[in-house]
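In case you want the letters, here they are:
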Amino acid sequence: GAVVSQHPSWVICKSGTSVKIECRSLDFQATTMFWYRQFPKQSLMLMATSNEGSKATYEQGVEKDKFLINHASLTLSTLTVTSAHPEDSSFYICSGGGGNNQPQHFGDGTRLSIL
Amino acid sequence: GDSVTQMEGPVTLSEEAFLTINCTYTATGYPSLFWYVQYPGEGLQLLLKATKADDKGSNKGFEATYRKETTSFHLEKGSVQVSDSAVYFCALSRNRDDKIIFGKGTRLHILP
Chain A
6 GAVVSQHPSW VICKSGTSVK IECRSLDFQA TTMFWYRQFP KQSLMLMATS NEGSKATYEQ
66 GVEKDKFLIN HASLTLSTLT VTSAHPEDSS FYICSGGGGN NQPQHFGDGT RLSIL
Chain B
576 GDSVTQMEGP VTLSEEAFLT INCTYTATGY PSLFWYVQYP GEGLQLLLKA TKADDKGSNK
636 GFEATYRKET TSFHLEKGSV QVSDSAVYFC ALSRNRDDKI IFGKGTRLHI LP
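Line by line, the protein sequences give chains A and B.
In this text, residue positions in the first sequence follow the working numbering: the first is 6, and each later residue adds one.
In this text, residue positions in the second sequence follow the working numbering: the first is 576, and each later residue adds one.
Bound conformation, chain A alone:
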C-alpha cells in the first residue's frame, strides 16, 4: 500500500536553530499533503495544507513565518521550523494521499525537542 516516509524521526537542538522535516510519498504522487502538530496527550491539530507548486494554506493561528512549508515536487513536502524555541517542542506528523473517499496515509512523525 501507499507509504509516507517522514524524516527525521527525532531531533534535539538548541534554541534559535532552524529545523527541517521532510515528508515523502514513496509510491504515489501527492499534490496535497497535510502537516499536523500533536501536543502530549492531545489530538492532532492541522497546521497547514501543503500544495505542490504553490503556497501552503495555513490554519488560523499558525504562524506562516515560523513554520515554512515547501512542496516543490509531487513526492516531497518539507516543514521548516524557523528559529525554534522550547515552546515549539512537539510531535509533528505529515500525511498525504487520500481523495475519492480514501484515507490519508500518515508518516511516523517527528519528535522535536528544543533545549
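You may find that some hints are simply not true.
To be verified - Taking lysine-lysine pairs in the DSS-like style, the calculated list, with each CA pair at most 27 Å apart, reads: (1) B:K652 with B:K635; (2) B:K635 with A:K46; (3) A:K69 with B:K674; (4) A:K46 with B:K674; (5) B:K679 with A:K69; (6) A:K46 with B:K679; (7) B:K643 with B:K679; (8) A:K71 with A:K19; (9) B:K679 with B:K635; (10) A:K60 with B:K674; (11) A:K71 with B:K674; (12) A:K46 with B:K652; (13) A:K25 with B:K674; (14) B:K679 with A:K71.
Hint data in this document are derived by calculation from the structure and do not stem from the laboratory.
Go by the hints and put chain B onto chain A.
Chain B in isolation, oriented as in the chain A frame:
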C-alpha cells in the same frame, strides 16, 4: 463547522473485556469516517474506515458502523488484548478538500 466528539479517557479494561469507544460527528454533506490508532511513540495507523451510511468498517477484531441517523461511528471490540493498549482517534474526512478532522483521542489501557 465540522467536528468530531469522542469519549474522554483514559479507559481501563481487563483483558478479554468488551470495548466500546463512542464517537459522534457534526458535518455538512456526507463525510468519510475513520478510526486511527496510535501506539506509544509511533505515528498514526488507519484502523478502519466507512465511506457511506450503514457501512461497517472492521479490522483486527474492531468494528464500527456509520450511522447517519445518529451521526455516530462507535468503535467496538468483543475481547480486548493487552496489545490493544493505545490511543484511538475518531476522524472524518471532508470530501470537498480531503482535510481530516480528528477527535481528541481516547487512551485505552488493557490490564493483563
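Here's how the hints hold up against the structure:
no. : hint               : verdict
1   : B:K652 with B:K635 : holds (9 Å)
2   : B:K635 with A:K46  : holds (24 Å)
3   : A:K69 with B:K674  : holds (19 Å)
4   : A:K46 with B:K674  : holds (22 Å)
5   : B:K679 with A:K69  : holds (24 Å)
6   : A:K46 with B:K679  : holds (9 Å)
7   : B:K643 with B:K679 : holds (21 Å)
8   : A:K71 with A:K19   : holds (16 Å)
9   : B:K679 with B:K635 : holds (22 Å)
10  : A:K60 with B:K674  : holds (17 Å)
11  : A:K71 with B:K674  : holds (22 Å)
12  : A:K46 with B:K652  : holds (23 Å)
13  : A:K25 with B:K674  : holds (23 Å)
14  : B:K679 with A:K71  : holds (25 Å)
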